[in-house]
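K.L.:
Using the numbering used here, read the sequence shown as starting at 583 and increasing by one per residue.
These are calculated hints, taken from the structure and not from any lab test.
A portion of the hints provided could be inaccurate.
To be verified - DSSO-like, lysine-lysine: derived pairs with alpha carbons at most 30 Å apart: (1) 722 x 587; (2) 608 x 587; (3) 588 x 608; (4) 722 x 588.
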Amino acid sequence: MVEIKKVADGFYVAPQLAVEDFAELKAEGINTIINNRPDGEAPDQLSDAEAREAAEAAGLNYVHVPVVSGQMTQGDIASFWAAVDDHEGPFLAYCRTGTRSCIMWAFNAVRTQQIPAIVAAAAEAGYDARPAIRALETIKASL
Numbered sequence: 583m584v585e586i587k588k589v590a591d592g593f594y595v596a597p598q599l600a601v602e603d604f605a606e607l608k609a610e611g612i613n614t615i616i617n618n619r620p621d622g623e624a625p626d627q628l629s630d631a632e633a634r635e636a637a638e639a640a641g642l643n644y645v646h647v648p649v650v651s652g653q654m655t656q657g658d659i660a661s662f663w664a665a666v667d668d669h670e671g672p673f674l675a676y677c678r679t680g681t682r683s684c685i686m687w688a689f690n691a692v693r694t695q696q697i698p699a700i701v702a703a704a705a706e707a708g709y710d711a712r713p714a715i716r717a718l719e720t721i722k723a724s725l
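Sequences and hints are given; from them, build the entire structure.
P.N.:
Given below as structure tokens:
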């Protein structure tokens, strides 16, 4: 099974999933998968349709919120927030390495948590959220 990293209670991130990972994630208690990979990003990745089919076959909720690495938009963030607000956790968000999904989690977490705690949680999971601090501050100020 893919290695998943806990970033918060009820929220995990991971690198690219394989078809067989979906049933295993359901068995581990995950309820909702958020796919942050745009279709066609790499030749060996599951397409949105393939991932959706695998998730639904495993009894998981599935949301596609494609995000281009380093080019996250307000629309991407709003879509991620909606995915979390409209579905039941625990959640697992994935991308190529897990970093993009961790940053998207951080953009969601800033609605209820302080930035130092978010950066620390990301670091504990093995991700560096420090490059997103300015964006996190902007989001926090707009709430």
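K.L.:
Now tell me, hint by hint, if it's right for this structure.
P.N.:
Now the hints, each set against the structure:
Simply put, residue 722 and residue 587 have alpha-carbon atoms about 24 Å apart, close enough for the 30 Å limit, and the pair holds. Our distance criterion of 30 Å between C-alpha atoms is met by residue 608 and residue 587, whose separation comes to about 15 Å. A distance of roughly 15 Å separates the Cα atoms of residue 588 and residue 608; the hinted pair therefore holds under the 30 Å criterion. The straight-line distance between the Cα atoms of residue 722 and residue 588 is roughly 23 Å, inside the 30 Å bound, and the hint therefore holds.
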